[in-house]
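Work out the full structure: start from the sequences and follow the hints.
Read top to bottom, the protein sequences are chains X and L. Anchor point for the first sequence: position 113 equals 113 in full-length UniProt numbering, and the numbering is continuous, going up by one each time. Anchor point for the second sequence: position 238 equals 238 in full-length UniProt numbering, and the numbering is continuous, going up by one each time.
If you are wondering where the hints come from, they were derived from the structure by calculation, not from laboratory data. For every residue, glycine included, the Cβ atom is placed at its ideal position computed from N, Cα and C.
Dumping the calculated DSBU-like pairs for lysine-lysine here, alpha-carbon to alpha-carbon at most 30 Å:
1. L:Lys227 to X:Lys107
2. L:Lys76 to X:Lys193
3. L:Lys52 to X:Lys101
4. L:Lys52 to L:Lys227
5. L:Lys146 to X:Lys193
6. L:Lys76 to X:Lys101
7. X:Lys311 to X:Lys286
8. L:Lys76 to L:Lys227
9. X:Lys107 to L:Lys52
10. L:Lys52 to X:Lys193
11. X:Lys165 to X:Lys238
12. L:Lys129 to X:Lys193
13. X:Lys193 to L:Lys169
14. X:Lys287 to X:Lys238
15. L:Lys215 to L:Lys227
16. X:Lys193 to L:Lys117
To spell it out: a stretch of chain X is covered by chain L in this simulated footprint if at least three of its residues, at any positions, have a beta carbon under 8 Å from a beta carbon of chain L; those stretches are:
17. 197-204
18. 208-220
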Amino acid sequence: MDLLNAFVTLSNFVLIPAIAYGSQLALGALGVTLIYGILRFSNFAHGDTMAFGTMVTILFTWLFQSWGLSLGPVPTALLALPFGILGCMALLLFTDRVVYKFYREQKAKPVILVIVSLGVMFIMNGLVRFIIGPDDQRFSDGERFIVSVRTFREMTGLEEGLAIKTTQGITVITAVIVVAALFWFLNRTRTGKSMRAYSDNEDLALLSGINPERVVMITWLIVAALATVAGVLYGLDKSFKPFTYFQLLLPIFASAIVGGLGSPLGAIAGGFTIAFSEVMVTYAWKKVAGYALPESLAPDGLAQLLSTDYKFAVSFVILLIVLLFRPTGLFAGKSV
Amino acid sequence: MIVVDDIHKHFGGFHAVDGASLSIQPGSITGLIGPNGAGKTTLFNVIAGVLKPTSGRVTMNGEDITGLPPHTLFHKGLLRTFQIAHEFSSMTCRENLMMVPGNQSGETLWNTWFGRKRIADEERALRAKADEVLEFLTVEHLADHKAGQISGGQKKLLELGRTMMVDAKIVFLDEVGAGVNRTLLNTIGDAILRLNQERNYTFVVIEHDMDFIGKICDPVICMAEGKVLAEGTLAEIKANEQVIEAYLGTGLKNKEQVGA
Ligand SMILES: Nc1ncnc2c1ncn2[C@@H]1O[C@H](COP(=O)(O)OP(=O)(O)OP(=O)(O)O)[C@@H](O)[C@H]1O
Ligand SMILES: [Mg+2]
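See below:
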């Protein structure tokens, strides 16, 4: 038995990747949950909104790289991120103006808005593929590791190594900053409070003089920022491919629903729940078990519950369980 | 002050308001009575911009306000309360009241982040105001309770409190006394009279409680089946044949007949 090595292996392959992935899902789910809370529909275009914001960021990254701009060890994409966010804001305000506003004025039912968002999704999807193409794009540059396996081994003298990628570090730090700013905004500012009020009781908010169009606009702006940040962090960590972002819709919705739709805190909890489940279920535990268990109990096989090809099944199953047994989610959002 | 001109509101084939016309004098406390389903609440909803009328016009001091959205009317000084109390359930009572002045402070996204001091001052003033209102309504002990968890009658008080947070011109109260005990009802009546006299609020009050109506309202308007039946002092209304027929009940008359 060698618990220290077991823990290092576990951190390297499960904890750190899951924390990074969980942060990305949480940011994505926050966007979904805000839209649900305030505009009152499930936005199926969210994955492609993320893809669009990321694409704009990538284009600016390439531009800056061609100018020779760089942030040293930190990816140039961070410099391009604000431009990506602005691009995404422009797109969302535009879709709201030409599409959603019409249905809002008709007081369309949520189910109609969901279908509308499906249409928006296809258009955004096409737009992204048209501009940047359907292929994989790598755009992370700078230092690859904060701690590499080799330096970790040399530092600690342990058999197993631990690597922390720069992108993982950046993901967690950015997510913490963004989430703190969001919660401060929602809980401490009048505009944030009027958004909460609007989400809580629309009729009363209107009769209290809150301008719904302004609330809606600010929601879209915040959602654009969240979606772009989530998309860029995911793309830096893995890679950017439009189809992958469409697929992300499932774990993101699962996160939002598990946490309770409409509850920002729930979105964060849900994001980590889904990320940890997915990583743990698809991880081959052989090595960790080999260290942690006495030799006689060590598994012969890979001790992997599910092949990574089926990772989306995990979100799906969790989603089912939550919908069956606790439809309001962990943090009692609005029931679905 | 408010002129309602031949308002119709149809839900499908059902005529909830069917050609109602009335006018509200500035500085008055007008009572609006009528049987259940007479269309009183629907008329309120039309005036307050929650529902668009099928036809007809509403003017406020000569200005056409038909179909303006509620938040615009709010800024013109037209407020209303709900028959079924509404509240921001996840906020405390104090926060509920503090929400009321909408975005009147002119908070822009810019000074959300950079004009903190001015906003902090405004917040403090609002908070003091909210506490004052809660005290006025004798519910200061509820200030930090979540509004979703207070009793139905207390929610009604909160509804009334909301109209006291700003300088309203005209306030529409929809059964503000329903579910509130006698003593409190008297307090509410006094509050309405005081707001009317000291702050020059105009009120339109829907109530089923005739004592309450009698104490504070003049004139009284009676609606039935979407139309205005009669208008006058409470005594006149009580004596009106049609009103007795439609609302106050023929029970009395029958008794007289039986007695005779
Ligand atoms: N949204 C709606 N859709 C269809 N019918 C409605 C709607 N709102 C109200 N009605 C109908 O309009 C009629 C008038 O309702 P309203 O609420 O205005 O009555 P009211 O005079 O306020 O009665 P009460 O004293 O019971 O509050 C009722 O018969 C009601 O069923
Ligand atoms: Mg009513």
